[in-house]
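2 protein chains.
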Amino acid sequence: MDVSSLTLNRLSLYLRCLRTLQEEGTERISSQQLAERFDLSAPLIRKDLAQFGEFGIRGIGYEVDHLIDRLHSALGLDQQHPLLVVGMGRLGTALARYLGFNDATFRVVAVLDNDAEKVGKEVGDLTIRHTDELEEIVREYGVELGVLTVPAEAAQPMYDALVDAGVQAVLNFAPVSLQLRPGLPSKSVDFRIHLEELVYFLLAKED
Amino acid sequence: MDVSSLTLNRLSLYLRCLRTLQEEGTERISSQQLAERFDLSAPLIRKDLAQFGEFGIRGIGYEVDHLIDRLHSALGLDQQHPLLVVGMGRLGTALARYLGFNDATFRVVAVLDNDAEKVGKEVGDLTIRHTDELEEIVREYGVELGVLTVPAEAAQPMYDALVDAGVQAVLNFAPVSLQLRPGLPSKSVDFRIHLEELVYFLLAKED
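Chains F and R, in that order, give the protein sequences. Heads up: the first sequence begins at 2 in the working numbering, then just goes up one per residue. Heads up: the second sequence begins at 2 in the working numbering, then just goes up one per residue.
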């Protein structure tokens, strides 16, 4: 299926909206209701969904469960993506055991650290391996995604090592701006942003 | 200063863009350059910034450092906001020590758990206190923000306890949909979303 990058972003937005509806127990929804509830455009929703053969039934709408399944497959979430976590500090250990990283779509297949003291210890079902084995591990498990939870000063060399080892995308939790490899999807997570947003909300409330 | 909630959102976006420029060593930038670089609208940027007395100089633009300071103060980030973290598991411990939660704007003033085994242990400079003391702690430190890192089943009762104790906004890391108190800013962090985005990027690349 040939879906543009812009459409992918919108499909992922629809998916999040539909999951909210599913959690609330909603079974069917029209494009108009989706649009009103989540501040989207109904004609655009219909056009996007029609692109991969989904047409709402007039007066009934779309079936939420079915549509979620279709979006999962359109977005590549119906396949399992093996990932590894580098940096077995507190955050890395927490993320390696995090359920959202261990389900039908994602699976932590290896955990690594460069500290010989940590290598060989268990994190959940996995044994910590040395970062020297990175390339071998990526090949062995067909690792697609690398999660970086190393200290700031180690982040750039470890990012480069991940990319050189063949990882296809990187999620970085280290609090630094990385020099990114062109064309390789990467994303940095900054928890501070979330706190800042809450402060803005508080300000907006006071107005 | 009376700034609408919509403008606040845009100001926070400008702030993030300006921080990127600051990290790269850029000293001055025009609204036009800001617009082109970050896919924003130049007239809207000028209008938003003029609202709090900032006018770029023709042919020179805005001073990045100065503008960041002004945005910090407009967004309430020039004051320190005391926060507490409830749930001293791996993630909670990591977040309590996270530098982004301990700077000029944010400060972890208390860490709590309901497990008597953990109470009294040290996390960085702080001693873990029992969740029974929540109300007292919020009053003692004037806590504004609560960070929730408890297991899924404990999240709703602990969210309610935070709100009842007088916390003004909640950042939730527990993987559940909370029944939120109306009018109280809350935000849930789902790490999985970031991995999903990377998968979409990979798909988009293959197209």
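It is possible that some hints are incorrect.
Identical copies go unnamed one by one, so any copy, or any two together, can satisfy a pair.
[As the list claims (entries may be wrong)] Result set (DSS-like, lysine-lysine): computed pairs, CA atoms no more than 27 Å apart in a straight line:
#1 Lys48 / Lys122
#2 Lys206 / Lys122
#3 Lys48 / Lys119
#4 Lys188 / Lys206
#5 Lys48 / Lys206
FYI, nobody ran anything at the bench for these hints, they're computed from the structure. All values derive from a computational prediction rather than experimental measurement.
So, going through the hints one by one against the coordinates:
1. In the homo-oligomer, the alpha carbons of lysine 48 and lysine 122 never lie at most 27 Å apart, since the shortest distance is 51 Å inside one protomer and 56 Å across protomers.
2. Taking the closest pair of Cα atoms, lysine 206 and lysine 122 never come within 27 Å of each other, the shortest separation being 48 Å inside a single copy and 37 Å across copies.
3. Proximity of lysine 48 to lysine 119 under the C-alpha cut-off of 27 Å is found in neither arrangement, the shortest distances being 52 Å within a copy and 54 Å between copies.
4. For the homomeric pair lysine 188 and lysine 206, the shortest alpha-carbon distance between copies (15 Å) is at most 27 Å, but the shortest distance inside one copy (31 Å) is not.
5. Only between protomers do lysine 48 and lysine 206 lie at most 27 Å apart by alpha-carbon distance; the minimum there is 22 Å, versus 36 Å within a single protomer.
Of the numbered hints listed earlier, those contradicted by the structure are 1, 2 and 3.
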